[in-house]
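Trainee: Positions in the sequence shown are counted from 1; adding 1022 to them yields my numbering.
Since the hints were made in silico from the structure, they are not lab data.
Derived CB-CB ranges, DEER-like:
# : residue 1 : residue 2 : range
1 : Lys1282   : Tyr1122   : 38 to 48 angstroms
2 : Ser1278   : Pro1154   : 54 to 64 angstroms
3 : Lys1094   : Gly1209   : 18 to 28 angstroms
4 : Ala1157   : Arg1059   : 38 to 48 angstroms
For every residue, glycine included, the Cβ atom is placed at its ideal position computed from N, Cα and C.
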Amino acid sequence: MRYPAFPARPKLSFIMMKSLDTTDKELNDQWQGGKRRVWIMAMFVGTMFLYAARSAVPLCMAAMSKDMSWDKEADGAVMSAFFWGYTPAQIIGGWLSDKYGGELVLGYAGIVWSLCTMIVPFLPAGPTLFFPPIAIMVISRVFTGLSQGLHYPSLTNIIVKRIPLKERSLFTSSIFSAGPVGTLLMGSAGSIVLVLFGWHSVFLLQGLVGLTWAWLWRYYATGQYTPTRTELSIGNIKMTEATVSEKAARVSVPYSTFFKHPGVW
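Go ahead and model the full structure; you've got the sequences and the hints to work with.
Mentor: What follows is the structure in structure tokens.
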């Protein structure tokens, strides 16, 4: 029995592929030397500190629970509250990065999660007129998750705009490898701070380090590229992507042929 053949896959024209190659060349010229190193180090360090801050609560939970007489339910609420904010922030972060730029979103998100980390030691002693201390801690963790959830969408936005297609895999894997490094950093150095100075110092130190990185990102790293040339390269990418999208939009997908094919079922 012979099955009907699938329709041929549409191919990009030589001119379109040449346009992509030209854009990659222009971006290579833009990201040579020190500028490339500044950006990759800034993103690597920021991702490392992000994961270090995320690991602070699991590291200090036993000491925090003992000091504040929390039960297992309270521990679980504080631990899980992070993901109530982190999950929807993935979509929000993508929309904000597309609208305002990943560089801006990444910097402001870093300020928020650093502040949320720094204020943790003060929350149990804060005012409890409307909420008990455990509820305030849970709310703080939700906001920490919201702000940290913006990190990876904004990173992706920056990488897509600033890095040539042929180098994105290496650049992305190099930056994303900072996550485990940050977890190891908090597990080792954070444990020493916890034993010597108490759990309060872990959050204060990590929050201060995060704020320092956010400030350097905002006023140093994001000023390392030339706006005119960068915007020119971004414009070329957008024009190319628009051409590809327009080309793809003209091709009607034969869904009826797909679903009639026995191989689908």
